[in-house]
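S.K.: Spelled out from the first residue to the last, the chains are:
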Amino acid sequence: MTVLADINYVEPWWMQILKSLVIFLVVFNFIPVALMADRKVLGRFQQRYGPNRVGPFGMLQPIADILKLVGKEDFRTWNSVAFLHRIAPILSVIAAAAAVAVVPFGPVVDIFGTRTGLYGMDVSIGPLWIFALGALSFYSLMLGGWASGSKYSFLGSMRAAAQLISYEVAMGLSLIGVLMTAGTLSLVEIVEAQAGMWYVVPQFAAFLIFLVAELAETGRPPFDLAEADAELVQGYMTEYGGSKFGAYYMAEYLHMIVASLLAVTFFLGGWWLPFGIDPPAWVYPIVVLGKMLLFIYLFIWVRATLPRPRYDQLMSLGWKVLLPLATLNALVTAIIVVVTD
Amino acid sequence: MASWNPGDDVVEVVRGPEPGGAGGFYRAFGETLRGLKTTFMRQFEDVPTFQYPEEKVPVYPRFRGRHRLHRFEDTGLEKCVGCSLCAAACPADCIRVVAAENTEENRVSAGERYAAVYEINLSRCIFCGYCELACPFDAITMGHDYEMSDYNRSDLIFTKEMLLTEPLERTPLRAEGE
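Just so you know, the sequences run in chain order A and B. Take the first sequence: its position 172, counting from 1, is numbered 172 in our numbering, and each next residue is one higher. Position in the second sequence counted from 1, then plus 341, gives you our numbering.
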């Protein structure tokens, strides 16, 4: 049997279960935080308060939203495909959540006398794992739109498909520079390689391309062509209601969190603090999550600012601007790496 | 005979620089950053929202809110004499007045007659203020209250007693120069 990927460090089985539970509980609890931040910060950008009625400062609004969605009737249109219609939102959440597994929150540290990596797993194919799951999440949009039996859903999923494919290419190419500089495909080693200098400095062009591509990948405004509430009445989500819509909604914010975590891992030096500050090991995950919140803020900021581009503009930006720039960046990086080696 | 040249009527269109290319990329990037700065600065400005149920919007002195009926302050008699001019002036036809004669034992208003029934259907009222203009004795005026929602349509028919009493909560009035 051929080995497709190596796992660089393996803990005892009980620690694996424990740490995966902790990671997913923490990351899932950032979904309502991101949701709340989205609405509150967007409100501040638009000079309003945002939700402030439910609980102190409106902090219980996400719970109220989720309860409302879960309490709704679970329906589907008569010409929808039941199985696919049901499985698509689940797939969306799974694809987004599974990407968290490879995100490093810290190096290998001692917990209860056990050597434990502060990450789900350290695979030797980190970025490939992420791209594979990104492609899977695109299936969820596609299936959801197609199985709904509605033209708006279908149009939305078609747009989503084209958009995701075009931006996945640019994103992959923008990461090649990082991978070449680090000389590894393991995300943990990529972060460790950024100890001296975060890759946002030497790979600034790649960082910008990655940001734009991630905006498009997560389907957040201004690249929310797939949803486009003004023209496509929510696109692939048109025929979804209740907890299925809730799952899509959750997946959108989970995507945003994952995209932020990836940007932190690849470009913002993961758990490293600037100026050589070396905190104790338990601070590392907090540093990662803090940087993640910065990126979530950036997502909301961009959403508050930029209008949605026309569909052909979106495509030409992806293929005519980002893709050549990413290729050029990879090329220049390759030359520099070879020359300085 | 010269034929009509459509070119003469065409107004010259001023176009921006061509999109695309390095210059277009630079412009788009710069404008994006400018937009990001604009929205960023908005965060530090005051929020103009009124937190409504706790914080009511003050009204101007001549704001036309819910009607009030008035009494003479010295004698306590009603100003309304039941002339029905307000009902005649009302474009929405929401005022109903039934007049009755004042007697020595039962003196309600200062005039010869008084309004035995005075009803305003606030679900039909358009708050135009014509009743106020039509009234020869300033018996009916438009008050400042704007919180009139109710669960029942019949509860929106305000009777004379309701219109005569002071409102429970006073609507804040806009201060001078505000």
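There's no promise every hint is true.
What the hints assert, rightly or not - For lysine to aspartate or glutamate, the following EDC-like pairs were computed, each having C-alpha atoms within a straight-line distance of at most 16 Å:
hint: 1; chain 1: A; residue 1: Lys320; chain 2: A; residue 2: Asp74
hint: 2; chain 1: B; residue 1: Lys420; chain 2: B; residue 2: Asp496
hint: 3; chain 1: A; residue 1: Lys40; chain 2: A; residue 2: Glu11
hint: 4; chain 1: A; residue 1: Lys40; chain 2: B; residue 2: Asp387
hint: 5; chain 1: B; residue 1: Lys420; chain 2: B; residue 2: Asp387
hint: 6; chain 1: A; residue 1: Lys40; chain 2: B; residue 2: Glu386
The set of hints was computed from the structure by calculation and includes no laboratory data.
S.K.: Next pair to validate is Lys40 of chain A with Glu11 of chain A; report whether the Cα-Cα distance is within 16 Å.
M.R.: The given pair, whose Cα atoms are some 40 Å apart, is violated under the 16 Å limit.
S.K.: Has the given pair, Lys40 of chain A with Asp387 of chain B, been kept, meaning a C-alpha gap of at most 16 Å?
M.R.: Satisfied, since the Cα-Cα distance of roughly 15 Å is no more than 16 Å.
S.K.: Does Asp496 of chain B lie within 16 Å of Lys420 of chain B when you go C-alpha to C-alpha?
M.R.: Given that 16 Å is the threshold and the Cα spacing comes to 25 Å, the pair is violated.
S.K.: Given the hinted pair Lys320 of chain A and Asp74 of chain A, is their Cα-Cα distance within 16 Å?
M.R.: violated (43 Å)
S.K.: Does Asp387 of chain B lie within 16 Å of Lys420 of chain B when you go C-alpha to C-alpha?
M.R.: violated (47 Å)
S.K.: Would the pair Lys40 of chain A and Glu386 of chain B pass a check requiring their Cα atoms to be no farther apart than 16 Å?
M.R.: holds (15 Å)
In this structure, the earlier hints numbered 1, 2, 3 and 5 are contradicted, and the remaining ones agree with it.
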